[in-house]
Amino acid sequence: MSVQPQPWPEPSPEIVAAVAAMYRGKREHPLPVMVRDQLGEWLSDEQFAGAYGVRGKPGWPPSRLALVTVFQKAENLTDRQAAEAVRTRIDWKYALGLGLADPGFDDSILSEFRTRVATGGLDQVVLDTLLERLAAEGLVSAGGAMRTDSTHVISAVRDVNRLELAGEAVRACLESLAVAAPHVVAHLLDDSWGKRYAARIDTWRMPAATTKKEELALAYGRDGHTLLKAVYAAAASDPDLAFLARLHQVEVLRVVLVQNYLTVADEQGREVIKRREAQVEGLPPGRSRITSPYDLDARWGVKRDTFWNGYKVHVTETCGTSGGSSDGPGADDDEAVAPPHLITNVETTDATVPDNQMTAPIHARLAERHLLPDEHLVDSGYPSAELLVTSQAEFGIALVTPMLADTSPQARAGAGFDRTAFAIDFGAQQATCPQGHASSSWNPVTQRGTETIVITFPKGTCGPCPVRAQCTTSASGRRQLTVHPREVHQAQIAARTIQSTKAFQARYALRAGVEGTIRQGVAVTGMRRARYRGLAKTQLEHTNAAVALNLIRLHAFWNGHPLDRTRTSHLARLELALVA
31 MSVQPQPWPE
41 PSPEIVAAVA
51 AMYRGKREHP
61 LPVMVRDQLG
71 EWLSDEQFAG
81 AYGVRGKPGW
91 PPSRLALVTV
101 FQKAENLTDR
111 QAAEAVRTRI
121 DWKYALGLGL
131 ADPGFDDSIL
141 SEFRTRVATG
151 GLDQVVLDTL
161 LERLAAEGLV
171 SAGGAMRTDS
181 THVISAVRDV
191 NRLELAGEAV
201 RACLESLAVA
211 APHVVAHLLD
221 DSWGKRYAAR
231 IDTWRMPAAT
241 TKKEELALAY
251 GRDGHTLLKA
261 VYAAAASDPD
271 LAFLARLHQV
281 EVLRVVLVQN
291 YLTVADEQGR
301 EVIKRREAQV
311 EGLPPGRSRI
321 TSPYDLDARW
331 GVKRDTFWNG
341 YKVHVTETCG
351 TSGGSSDGPG
361 ADDDEAVAPP
371 HLITNVETTD
381 ATVPDNQMTA
391 PIHARLAERH
401 LLPDEHLVDS
411 GYPSAELLVT
421 SQAEFGIALV
431 TPMLADTSPQ
441 ARAGAGFDRT
451 AFAIDFGAQQ
461 ATCPQGHASS
471 SWNPVTQRGT
481 ETIVITFPKG
491 TCGPCPVRAQ
501 CTTSASGRRQ
511 LTVHPREVHQ
521 AQIAARTIQS
531 TKAFQARYAL
541 RAGVEGTIRQ
551 GVAVTGMRRA
561 RYRGLAKTQL
571 EHTNAAVALN
581 LIRLHAFWNG
591 HPLDRTRTSH
601 LARLELALVA
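If you're matching positions, the sequence shown starts at 31 in this note's numbering and goes up one per residue.
Keep in mind the hints are simulated off the structure, nothing from the lab. Treat the hints with care, since some could be wrong.
35 Å max Cα-Cα, derived DSBU-like pairs, lysine-lysine [what the hints assert, rightly or not]: (1) Lys242 to Lys304; (2) Lys259 to Lys304; (3) Lys259 to Lys225; (4) Lys243 to Lys259; (5) Lys333 to Lys532; (6) Lys242 to Lys259; (7) Lys225 to Lys243; (8) Lys225 to Lys242; (9) Lys333 to Lys304.
Quick list of the computed label-pair ranges, beta carbon to beta carbon [as the list claims (entries may be wrong)]: (10) Ala210 to Pro314: 46 to 56 Å; (11) Glu76 to Gly168: 49 to 59 Å; (12) Leu593 to Gln535: 19 to 29 Å; (13) Met52 to Pro314: 40 to 50 Å; (14) Ala308 to Glu71: 18 to 28 Å; (15) Arg188 to Tyr53: 25 to 35 Å; (16) Ala239 to Ala445: 22 to 32 Å; (17) Ala51 to Leu593: 27 to 37 Å; (18) Phe273 to Arg188: 28 to 38 Å; (19) Thr241 to Leu313: 47 to 57 Å.
Even for Gly, the Cβ is constructed at its ideal location relative to N, Cα and C.
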């Protein structure tokens, strides 16, 4: 399929007349109509040409399919419902420039379009284009303040334990081979295979006894190895069957077996399949461990008391009222409407990636869009001592965030001498303890990829010290400090000092608004539950959700609705009205 770029047609006169008749007077135009009136043809087919070939039958214009996917997220519709809306709804036809009798397209086109965009690396095109258009109109700009927060995303596959995973990986491989080369597995099938893999592997169909479950786990491992040997043997003996070794589910089964089973030799030298035990042979780290044979990017994640299988999404938006000063089209002439808070970036990762690993990528993406803020408000999961310095040095961004507290025993207990009680002279490479004694060694080292300095005091000084019990409980009998390099250390101390002030707390209170944005994303677009499998499609889904939320907020702005507090009860509104 190819792309033949063409301009969007203007809404047909009969559609224009119908919209004008239905929404005359004080009735607000629906979102699709306002988007077409305010933004016009803001997407082009050329932007998506990289996802299509240069030959073949031209399909539905990709720029308008992109707009359909955004409207779909704005109303949380299925593909079938979105395709039906294109055929039947006047406001959608108005936005897309379709005639009243236009039949639209089959709903399967939307799935194919998402696959092309996701695999072509074009998931950010729609958001980039919208932000560029809004920046030209002064509704979003660099500088000011932005805020970021993350939330969990549940994958579009069911949760399985290790036993179910092993069995389902074998079953998925058998299903794939039954279509691609049924004769390869036909001779392997017997009554036991049919009984184990005829239906979906599910805990409800498994034996209750632990011994029986262990036997079943070993049976899954043996069957998986037998199946792989048959596939590799067939691929090696027949060139026409070489593709079997490259089948997706064959590779998935191989990885699942490697991660969960071992092949060992027994006392007679025979090959035996053994299940990996976490406490003995060990398991791969969570960031590498497959959790489902149908979504290889999903991972188990934990955040405080939330435990889930899937992804994590990071949402960044503008905050405050410094993004523009124009009035909304529906506002009174003497009443200025503050610009909406707009989402400027969305990043999706697997569930194991910690928040502080995403601070620098978020800044880099904002730099690409020329939307770097002066201040970035984040919670304590995003910063590190190093990021306080590098964010300012590389991007000119001041991180406004509470730093995690000192975790030393003295600091946790609130008694004794913690790190702040020591005077550190970076120039002389020496530290002085509260009793006035100098350190004996100063060693720059790298710990977990981070540059640090290990400072040690001599045993002869710490041993007879009368306050040693308040300073250290080390078995070696001497105090040891681990600090960051000078700039990082000073930035960390300054951040921990200022975060207890009322001025900082008032400034940082603005960050809480991003939680309302995530709540809106969950309520309107279903952001916390992935509809599609794989990280690429999930990232595309979240980007479309961000564009949809921006358009919903712009729709309110264009109609002259001012910014309002979220979750304001009727009683609170009444109190505010009485005060006014």
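Hints versus structure:
Only pairs whose Cα atoms come within 35 Å are accepted, and Lys242 paired with Lys304 is accepted, the gap being roughly 15 Å. Distance check on the hinted pair: Lys259 and Lys304 sit about 17 Å apart at the alpha-carbon level, within 35 Å; holds. Proposed proximity of Lys259 and Lys225 is supported: the alpha carbons are some 21 Å apart, at most 35 Å. A C-alpha spacing of about 24 Å is found between Lys243 and Lys259, which places the hinted pair at or below 35 Å, so the restraint holds.
A hinted pair counts as satisfied when its Cα atoms are at most 35 Å apart, and Lys333 with Lys532 qualifies at roughly 28 Å. For the hint pairing Lys242 with Lys259, the CA-to-CA distance comes to about 26 Å; that is within 35 Å, so the pair holds. For the suggested pair Lys225 and Lys243, the alpha carbons sit about 15 Å apart, so the restraint of at most 35 Å is met. Proposed proximity of Lys225 and Lys242 is supported: the alpha carbons are some 15 Å apart, at most 35 Å.
Only pairs whose Cα atoms come within 35 Å are accepted, and Lys333 paired with Lys304 is accepted, the gap being roughly 33 Å. Checking the proposed 46 to 56 Å range against Ala210 and Pro314 shows it is violated: the Cβ atoms sit about 28 Å from each other. Checking the proposed 49 to 59 Å range against Glu76 and Gly168 shows it is violated: the Cβ atoms sit about 26 Å from each other. Checked against the hint of 19 to 29 Å, the pair Leu593 and Gln535 passes, with Cβ atoms roughly 22 Å apart.
In this structure the hint that Met52 and Pro314 lie 40 to 50 Å apart at CB is violated, the actual value being about 59 Å. With their beta carbons about 57 Å apart, Ala308 and Glu71 fall outside the hinted range of 18 to 28 Å. The given range of 25 to 35 Å is broken by Arg188 and Tyr53, whose C-beta atoms sit roughly 44 Å from each other. About 53 Å separates the C-beta atoms of Ala239 and Ala445, a value inconsistent with the hinted range of 22 to 32 Å.
Against the hinted window of 27 to 37 Å, the Cβ-Cβ separation of Ala51 and Leu593 comes to about 32 Å, which satisfies the hint. Checked against the hint of 28 to 38 Å, the pair Phe273 and Arg188 passes, with Cβ atoms roughly 29 Å apart. In this structure the hint that Thr241 and Leu313 lie 47 to 57 Å apart at CB is violated, the actual value being about 22 Å.
This entry does not satisfy hints 10, 11, 13, 14, 15, 16 and 19, going by the numbered hints stated previously.
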